[in-house]
Amino acid sequence: MDVGELTLSELSRNLAAHGLPAEVRGDGDVRIRGCNTLEGASAGEITFFANPKYRDLVATTQASAIIMKADPTLKSPVPQLICDDPYRALTLAIIRIHGYRRHPQWGRHPSASVAETAKLGRNPNLAPGVVICDDAVVGDNVTCYPGVFVGPGAVLGNDVTLHPNVTIYDLCRLGDRVTIHAGTVIGEDGLGYAPVGKKWMKIPQAGAVVIEDDVEIGANCAIDRATLGATRIGTGTKFSNLVAIGHGCQVGADCMFVAQVGLAGSVIVGRHVTIAGQAGVVGHITIGDDAQVSAQAGVNSPVKAGSMVLGAPAAPVAEARRRYATFQKLPEMKTRMRLLEREIAELRQAVAAIRGEADGAELPVGDAPTSDVR
Amino acid sequence: MDVGELTLSELSRNLAAHGLPAEVRGDGDVRIRGCNTLEGASAGEITFFANPKYRDLVATTQASAIIMKADPTLKSPVPQLICDDPYRALTLAIIRIHGYRRHPQWGRHPSASVAETAKLGRNPNLAPGVVICDDAVVGDNVTCYPGVFVGPGAVLGNDVTLHPNVTIYDLCRLGDRVTIHAGTVIGEDGLGYAPVGKKWMKIPQAGAVVIEDDVEIGANCAIDRATLGATRIGTGTKFSNLVAIGHGCQVGADCMFVAQVGLAGSVIVGRHVTIAGQAGVVGHITIGDDAQVSAQAGVNSPVKAGSMVLGAPAAPVAEARRRYATFQKLPEMKTRMRLLEREIAELRQAVAAIRGEADGAELPVGDAPTSDVR
Amino acid sequence: MDVGELTLSELSRNLAAHGLPAEVRGDGDVRIRGCNTLEGASAGEITFFANPKYRDLVATTQASAIIMKADPTLKSPVPQLICDDPYRALTLAIIRIHGYRRHPQWGRHPSASVAETAKLGRNPNLAPGVVICDDAVVGDNVTCYPGVFVGPGAVLGNDVTLHPNVTIYDLCRLGDRVTIHAGTVIGEDGLGYAPVGKKWMKIPQAGAVVIEDDVEIGANCAIDRATLGATRIGTGTKFSNLVAIGHGCQVGADCMFVAQVGLAGSVIVGRHVTIAGQAGVVGHITIGDDAQVSAQAGVNSPVKAGSMVLGAPAAPVAEARRRYATFQKLPEMKTRMRLLEREIAELRQAVAAIRGEADGAELPVGDAPTSDVR
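Chains as they are written, first to last, in my numbering: chain A, 1 to 374; chain B, 1 to 374; chain C, 1 to 374.
Bear in mind the hints are in silico, worked out from the structure with no lab data behind them. There could be a bad hint or two in this list.
One copy or any two copies: either way a pair holds, since identical chains are not told apart in the list.
Stated by the list, open to error - The calculated BS3-like cross-link candidates involving lysine-lysine, where the alpha carbons are at most 30 angstroms apart (straight line), are: (1) LYS198 with LYS329; (2) LYS69 with LYS53; (3) LYS304 with LYS119; (4) LYS75 with LYS199; (5) LYS53 with LYS75; (6) LYS119 with LYS198; (7) LYS199 with LYS334.
Throw the hints in and build the complete structure from the sequences for me.
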């Protein structure tokens, strides 16, 4: 893939070739060697304007060019690429100019330790100190950064990238083009203990983890192996960092989990589910396709396909928003309730007075309300 | 320990020998080489039925045998092991058939770096690249996977297993039969700084961590060393993954902490305490023996022995459930309150009319309630 | 720096030299070789009394001396150092007696792998197996523990300490005197994907991470590189463990983040901000200087400089406390509301009776309130 510096006109043609026409305004010969934010960009870099919040920065950017929508009210001091979808244009520009990470090339480093019974594919890229255990199977074009451990019988597909200090426990299986960021652990034993009186007897965790093709997992995550069978992460799913997946979970394809999400054991997640940061899901729950779980949500009941849930305990978003809106008015509600109680007491007195009675005591009321909720 | 394939009749005798009689129904000679779930099992595997939710799967399982309670209403197509406690029978079957993890055997790998002043016990199993520092003491039959670091003066008991990329800081001490999963860090400095104006002066963290016998800790946890003295994790306690323990905490024996639990500094936790996923505990709190803390709870006051707390801020479970139940009715309560206000206004008008007054204004009411809480 | 054993009188003079006069009461010749807690201390150790909660322990401590305020009502069985600020005196005593961690000295270990194009400063301390990639720049007096990875083009300032299994991705830059604890990852790719139908197209994460001088970061954290430009952690800021920072965040100087804090992408945090444990911040939010965010808070709107926020969703502390106080009274409020409804029904009957009507139905009320919220 062609990567690196080019002119603004060349970039325009590149975008058009990817189905995104982009008109050059100003000097198309300006050379672009990088992409950057409106504030961060300097000479030789192209920037973009998409979020109205940053409008004022357009006038002052030091970039050599800017990607933006046509906007007669906005004067830019630098050459422009005018297109309908600046964010997508930027994505394509980053791919064209910066490209994806190029890994160091170690070949099969002599200090990498590969067991005799392990099978290596073509073109291995094994850093110093990498350890591949007995009966492991490693596909073609696999990169293992330093500190990577591939346990006995583990399987890595083709074009897998394991960043530094990734641990793949015994018998776990990764598909093709899987990328795992530094420090993540795949296949540790889950919290599987049988109570024996007040002590815990360990249940052997005889299952494994299966990570399907095109999955990318962030840094310092932990994915439990199943007790029996396999914990599974579906094709194309993406995790951020510090995600914890309990034993036996089944996560569908094309999901996105933000940082610090936690799933207890045996959760079933459908396809294309988004779970936002710090949300948690109790065990043995099913989350339907295309569902969205909000940040910090506490999911303790099934989530329907296509729905969005919020809060702890999580509820459908419209209902949850009503609850939280009212929650924010609670102190006011308390005050209003106290006023109502006073008014009712006054009305009772008034009614009693009309009836010629002194205190209204004979009205058949229940217990008096508690006097205060402070 | 005997591990591996056996017949159904042999498994039945094995369970009986462990105090769990299990009657064979059907062909006792069927050979069993693995355990699996109802859905995942195939020929040669034994499965189990314990959770009524999965009843329909009994008819379709591809397993060669099934562990279940006597149930005349349930027809199984395969040979059965009938017993009173299928879950415990399964645990024993997994132990008998699969056994616990067998570690690769490295002996003392020549690329392991052991300081001259370190003491190694009998039968060390040190992977390539392991580093054991000065004055460390390593017991018998210790397995250190690749990437393990044992700091100066650290002590490992007998039969300890440290999975890949585990870090044991200087002077920390692990008891016998401790298992620590990949990526976990024991004994990093806690957040110990003295404020000096608006800057932070580091306080040397002169303490250590003590992990007692039979503790098992999950992947990518972090347990702070104490500023002075020791952070302590009691005998037989089990942690899941991504657990954070602040400096100076004292955790009792036989506790269970689920993934992503966090304890701030100097928390004292009794024996046999369960803390569910993503729960947090503020500093200098005591949690009594046998207490249970629910998932995502925020514990900011002491928890009594034997009690269960829920919510954030955490409260005794019965009270907390009442709060959350009412919380879910908040929008309805708001509506009801608005109706009450209207009704009272109407009653006041009616009473005023009866008295022959135009507007009821002379009733000695307080401030008018706010008109709306939207 | 002078570190180690000394007499109580010598310690008193040391404190005075640091601007903290401390009077010796009792035997100034007693030798002190360590600091410890009231409960944990034994002969040869000095302890301190600052928190009134531990008053009873003063009488029973086995320490050889105690740091405390003048307190005529408190009898101590051991020699004392009387001063106005026992906590600060303790900090200075720990620094004087224990000092900061002394790292193992590996020099440039022969098994460390340093690329030919990398530049090493003076006095490198590189453990066995450390990997420094092409074009990396390493300052003077840098310590890299085992398992450390320094990616292509990464820059480490002078006096940097990287504990075991720390990963620094390509092009990330650390200032002087930065300390990073074990297992932490700096510069992994963030969750940068463009949706293409229901699939995710990876956006190259072309930015980096910049960690300024005097930052200390705990264990097993993960700090995303920026998509463009740099994620930045300001001078003197301190993080605890398992902290997750999203791509493009800008964290100011002298902040303190407690364990398990999470920031989504592009969050801007001012100077001297405290974020307590397990709190989360949504993307593109600004948190002002000197703000404080409480434990488990969910910050989804900007936080003003100098303010303190609490709860999820987070709100200014006074308002949030009112909400939570009322929340705890919700079951009681529900009961009171039911009583109000009964009383109003009774009043309506009474008014109707006065008017000689049977059921009050012609009062122009709205819908009847729901009868119960159980």
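Evaluated hints:
1. LYS198 with LYS329: neither (45 angstroms within a copy, 36 angstroms between copies)
2. LYS69 with LYS53: within (15 angstroms within a copy, 55 angstroms between copies)
3. LYS304 with LYS119: Neither: 44 angstroms inside a copy, 56 angstroms across copies.
4. LYS75 with LYS199: Neither, since 72 angstroms and 36 angstroms both go past 30 angstroms.
5. LYS53 with LYS75: Answer is within: at 16 angstroms inside a copy they meet the 30 angstroms cutoff, but 64 angstroms across does not.
6. LYS119 with LYS198: neither (45 angstroms within a copy, 35 angstroms between copies)
7. LYS199 with LYS334: neither (47 angstroms within a copy, 42 angstroms between copies)
Violated hints, listed in ascending order, are 1, 3, 4, 6 and 7; each of the other numbered hints is respected by the structure.
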